[in-house]
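K.L.:
Read off the chains here:
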Amino acid sequence: MANKKRPVIEREDVVVKFVGDSGDGMQLSGTMFSDDAALVGNDMATFPDFPAEIRAPQNTVAGVSGFQVHIGSSKIYTTGDLVDVLVAMNPASLRANIKWAKKGATILTDTDSYDEKTIEKAGYKKDPLQDNSLDGFNVIKVPLTTLTKESLKELKIDNKTAERSKNMFALGILYYIFNRDLKPSFHYFEQKFKKKPELIEINKIVLQAGFNYAETMEAIKSVIQVAPAKMEKGRYRNITGNIGTAWGLLAASEKSGRPLFLGSYPITPATDILIELAKHKSLGAKVFQAEDEIAGICSAIGASYTGSMACTSTSGPGLSLKSEAIGLAVMTELPLIIVNVQRGGPSTGLPTKSEQSDLYQALFGRNGECPVIVLAASTSENCFYYAYMAAKLSLEHMTPTILLTDGYIGFGSALFRIPKMADMPPINPPLATANDPDYKPYKRNPETLARQWAIPGTEGLRHRIGGLEKEDITGAVSTDPMNHQLMTKLRAAKVEKVADFIPEQEIDGPKKGELLVVSWGGTYGAVHSAVQQMQKAGKQVSHAHFHYIMPLPKNTEKVLKSFKKIVVCELNSGQFVNFLRMKYPMPNICQYNKVQGLPFVISELTDKFNQLLEEK
Amino acid sequence: MEFVNTTVERSTVQLSKTDFESDQMVKWCPGCGAHAILNAVERVFPKIGYRKENFCIVSGIGCSSRFPYYVNTYGIHGIHGRAAAISTGVKISNPKLSVWMATGDGDSLAIGGNHFIHIIRRNVDVNILLFNNQIYGLTKGQYSPTTPMGKVTKSSPQGTIEHPFTVGELVMGAQGTFFARVPDNNINLMTEAMFEAARHDGTSIIEIMQNCVIFADKAHADITGKEMKDEAMLVVRNGEPMVFGKNHDKGLILRDTQLEVAVIGKDGITIDDILVHDQYNQDPGIQLMLAKLAPPNFPMIFGVIRSAMYPTYDDLVEEQIKYAKETSKIKNVDDLLNSGDTWEI
Chain A
1 MANKKRPVIE
11 REDVVVKFVG
21 DSGDGMQLSG
31 TMFSDDAALV
41 GNDMATFPDF
51 PAEIRAPQNT
61 VAGVSGFQVH
71 IGSSKIYTTG
81 DLVDVLVAMN
91 PASLRANIKW
101 AKKGATILTD
111 TDSYDEKTIE
121 KAGYKKDPLQ
131 DNSLDGFNVI
141 KVPLTTLTKE
151 SLKELKIDNK
161 TAERSKNMFA
171 LGILYYIFNR
181 DLKPSFHYFE
191 QKFKKKPELI
201 EINKIVLQAG
211 FNYAETMEAI
221 KSVIQVAPAK
231 MEKGRYRNIT
241 GNIGTAWGLL
251 AASEKSGRPL
261 FLGSYPITPA
271 TDILIELAKH
281 KSLGAKVFQA
291 EDEIAGICSA
301 IGASYTGSMA
311 CTSTSGPGLS
321 LKSEAIGLAV
331 MTELPLIIVN
341 VQRGGPSTGL
351 PTKSEQSDLY
361 QALFGRNGEC
371 PVIVLAASTS
381 ENCFYYAYMA
391 AKLSLEHMTP
401 TILLTDGYIG
411 FGSALFRIPK
421 MADMPPINPP
431 LATANDPDYK
441 PYKRNPETLA
451 RQWAIPGTEG
461 LRHRIGGLEK
471 EDITGAVSTD
481 PMNHQLMTKL
491 RAAKVEKVAD
501 FIPEQEIDGP
511 KKGELLVVSW
521 GGTYGAVHSA
531 VQQMQKAGKQ
541 VSHAHFHYIM
551 PLPKNTEKVL
561 KSFKKIVVCE
571 LNSGQFVNFL
581 RMKYPMPNIC
591 QYNKVQGLPF
601 VISELTDKFN
611 QLLEEK
Chain B
617 MEFVNTTVER
627 STVQLSKTDF
637 ESDQMVKWCP
647 GCGAHAILNA
657 VERVFPKIGY
667 RKENFCIVSG
677 IGCSSRFPYY
687 VNTYGIHGIH
697 GRAAAISTGV
707 KISNPKLSVW
717 MATGDGDSLA
727 IGGNHFIHII
737 RRNVDVNILL
747 FNNQIYGLTK
757 GQYSPTTPMG
767 KVTKSSPQGT
777 IEHPFTVGEL
787 VMGAQGTFFA
797 RVPDNNINLM
807 TEAMFEAARH
817 DGTSIIEIMQ
827 NCVIFADKAH
837 ADITGKEMKD
847 EAMLVVRNGE
857 PMVFGKNHDK
867 GLILRDTQLE
877 VAVIGKDGIT
887 IDDILVHDQY
897 NQDPGIQLML
907 AKLAPPNFPM
917 IFGVIRSAMY
927 PTYDDLVEEQ
937 IKYAKETSKI
947 KNVDDLLNSG
957 DTWEI
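Here the protein sequences come in this chain order: A and B.
Read in order, the letters of the first sequence are residues 1 to 616 in the numbering used here.
Read in order, the letters of the second sequence are residues 617 to 961 in the numbering used here.
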């Protein structure tokens, strides 16, 4: 919608954050704003930031719920360190988020929500709108509640219903500031509230009223335009990491011809995978909400024995509970995909915050020598691909695979270029054929060392497996010392062999030089952006982001040895760095760590990299 | 007897016991009750008549749980307490299998208690053979959740101070649809109960009063022993009056809300006054009372105590999938990927 009255300012990227009480509808406003940005052709990343409690006390900092959107006219890698526009529905949300506002940021806030009580509850001594503490910001003060009620006067609806739509008034103002068309949102209301037509009208009126009101406001000096991003041609959609993971598993099931089974127990931040897969029974997905984490994985092991592509989804504490059962899957050499959406730990830790502190657990957290394949997705959009690859490797190599994602990419969303199933790599599990006279449960394919998968019901292949040590080839129970040593070696070698089937590690930037930045998992966006910034400034920095962790890509040692200095950045105290040091002892590997339940910000990374470049 | 359970494919040839004997050496102690249970299973499987490839035996950990290795079927020996969860996955994943679970009082009632009550509550069509020897055998003699109060074991040198579970009560508390109790010294009763468990569509629990010769020898002898059994055991059969005693002259009657032992021919009691067993009654009221009876005042009840028809979890899973496939617009993953809001760039 062209706007004649005010100058249009072109911006390469903008970060907007919606914050308010848990019940203020901030997730909806944020989602609508980002969906609309996608329609305009911007690239984007989003992240919902909500408290662990469902409805914490109103007007308190503990109860603040937020949704951050980063849109841009070029590729967007993170949800943004600091915000350009902050929509704060009450004093508590302002107080909790002002530290993330850029100097000069626009702050839109509801003046109706400021009274003695709410100001005090937020922890302010004085009204922040009156005490000059917001000097330096472009504060747009709007009596949102009053104006919303005003706009709905003719409908004669109750005050509560009217007040509840004030988030749409704020969104209307934002749409004006961002020079947006309201029609797609109207269409959205018509779809969303099909069964409650009165809500369609209410939301339309309020959104329009907010937009019209903004047109008259003195405080709005200009409107912002973010041009469409240049993106690879194709069909796009918005996707969260958890939904991407669920869909990647469905895709692998279809490609492999093995029906999907998920045994899972609700746990933040992994529950969305369970919820999403439960929706897709039409694709044959069997989703079992178990009585606990252990039953989740054990049911999956039963399903795997029976020929399903079996999965279990969880987060850190749940992975702890599954440890013994992962050992059973390792011993029985069955395919099993274990998704761990990491959160802050130990124990219950920080359920809604993100961390990378389960790497040791994924690699080593079981009794006995118990190797599994470990992969890590790095963005909301590639969760789909790495879930698919986790399933492919697990099925083809007959070994459990742990896929690590985290709350940040799991909850976060990004634009996703929709692939065609025909283009996805084939998946061929080593199924045993009926009545094969040579079938032996633990006979292996020499190339992969995988045993064959003999599905119960198949004629001529009756066999027993279990958690007791198995004799090589026959699979009979064996306590023979030399056999145990051999089988221990074979289980490890089978996982190492996977390195022959995964891509080599790529380097972003010069292939050798001064400084290699190493990262893995959900920190890709921040680390990549930091490296890119330094490369643009002419600094000699390269970046290697790992997706395959166990086994590591074959060229890992060569990659590491091509640089004078290596810095491994992780959201833990140094788990991947120690894994690398163990594998490739080198004196020049240093580390940068943060364990705050928060993602890296670009500036802290560039500071560290610059410091390393300057040190001799 | 007519078969209720029709999901599993039947064998076209007559199978025999030898079809189910495995080549593995059976390593239970000589005299262990488990040998008889194995014998019963190998006898009843050909009688049930499914294809031999359609049987799958699942177990947890303990003496009982070596069972899958000794029967020539598909089988998986799991981890301690988790057999019910593994079985659930096996059955949901492939409902065409006849799933049997071998477990013990420690495996299913202690470490696996949670999975045990939930498989029962969901009514997953799995036949559970619960070897109740009232002791931990494989770890050499610690008390279990069914060890009688006060019993001296290695971990209770002054006697246990725990109230034991009554398996039947626990099963019905968890809304169980099938419960039978059998002694390990009566192979016919065992095979009858196993056959009925196979017929029953839903979770079937067969509590087998099994003797551990080493650590709890003769634990059940006061009930199932040769000299005792006529007076201490009452074997129920559907539609028949519940009588017992050496001379078949005692029976159960219902007086007010309580069961009582009455003597036929005494105080005007005739056979017509004796309570008739109804294993198919959906209301578990009387069945629960029966499951709880025990000496010295009552006989212990054996045979199929409850077998009520309810929808099974595995059937409902299939129904939901069938419905979704018929009604959903999303027929494959390409449809899914392109569903909802998408746009071309």
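Just so you know, the hints here were simulated from the structure itself, not pulled from any lab data.
A couple of the hints might just be wrong.
If you want the footprint, here are the derived chain A segments under chain B, 3+ residues with CB under 8 Å [what the hints assert, rightly or not]:
no.: 1; region: 91-104
no.: 2; region: 346-356
no.: 3; region: 536-546
Computed cross-link-like contacts, EDC-like style, restricted to lysine to aspartate or glutamate with a CA-CA straight-line distance of at most 16 Å [what the hints assert, rightly or not]:
no.: 4; chain 1: A; residue 1: 281; chain 2: B; residue 2: 931
no.: 5; chain 1: A; residue 1: 192; chain 2: B; residue 2: 957
no.: 6; chain 1: A; residue 1: 279; chain 2: B; residue 2: 856
no.: 7; chain 1: A; residue 1: 420; chain 2: B; residue 2: 635
no.: 8; chain 1: A; residue 1: 281; chain 2: B; residue 2: 639
no.: 9; chain 1: A; residue 1: 420; chain 2: B; residue 2: 960
no.: 10; chain 1: A; residue 1: 230; chain 2: B; residue 2: 960
no.: 11; chain 1: A; residue 1: 279; chain 2: B; residue 2: 960
no.: 12; chain 1: A; residue 1: 279; chain 2: B; residue 2: 635
no.: 13; chain 1: A; residue 1: 279; chain 2: B; residue 2: 639
no.: 14; chain 1: A; residue 1: 281; chain 2: B; residue 2: 894
no.: 15; chain 1: B; residue 1: 663; chain 2: B; residue 2: 635
no.: 16; chain 1: A; residue 1: 281; chain 2: B; residue 2: 935
no.: 17; chain 1: A; residue 1: 281; chain 2: B; residue 2: 951
no.: 18; chain 1: A; residue 1: 233; chain 2: B; residue 2: 960
no.: 19; chain 1: A; residue 1: 5; chain 2: A; residue 2: 272
no.: 20; chain 1: A; residue 1: 183; chain 2: B; residue 2: 942
no.: 21; chain 1: A; residue 1: 440; chain 2: B; residue 2: 639
no.: 22; chain 1: B; residue 1: 712; chain 2: A; residue 2: 459
Note that this is a predicted model, so its numbers are computed, not measured.
Cβ coordinates follow ideal geometry from the N, Cα and C atoms, glycine included.
K.L.:
With reference to the structure, classify each hint as holding or not holding.
P.N.:
Going through the hints against the structure:
| no. | hint | verdict |
| --- | --- | --- |
| 1 | 91-104 | violated (count 0) |
| 2 | 346-356 | violated (count 0) |
| 3 | 536-546 | violated (count 0) |
| 4 | A:281 - B:931 | holds, 14 Å |
| 5 | A:192 - B:957 | holds, 13 Å |
| 6 | A:279 - B:856 | violated, 49 Å |
| 7 | A:420 - B:635 | violated, 48 Å |
| 8 | A:281 - B:639 | violated, 41 Å |
| 9 | A:420 - B:960 | holds, 14 Å |
| 10 | A:230 - B:960 | holds, 13 Å |
| 11 | A:279 - B:960 | violated, 26 Å |
| 12 | A:279 - B:635 | violated, 43 Å |
| 13 | A:279 - B:639 | violated, 45 Å |
| 14 | A:281 - B:894 | violated, 39 Å |
| 15 | B:663 - B:635 | holds, 12 Å |
| 16 | A:281 - B:935 | holds, 10 Å |
| 17 | A:281 - B:951 | holds, 14 Å |
| 18 | A:233 - B:960 | holds, 8 Å |
| 19 | A:5 - A:272 | violated, 45 Å |
| 20 | A:183 - B:942 | violated, 35 Å |
| 21 | A:440 - B:639 | holds, 14 Å |
| 22 | B:712 - A:459 | holds, 14 Å |
In terms of the numbered hints stated before, the structure departs from hints 1, 2, 3, 6, 7, 8, 11, 12, 13, 14, 19 and 20, listed from lowest to highest.
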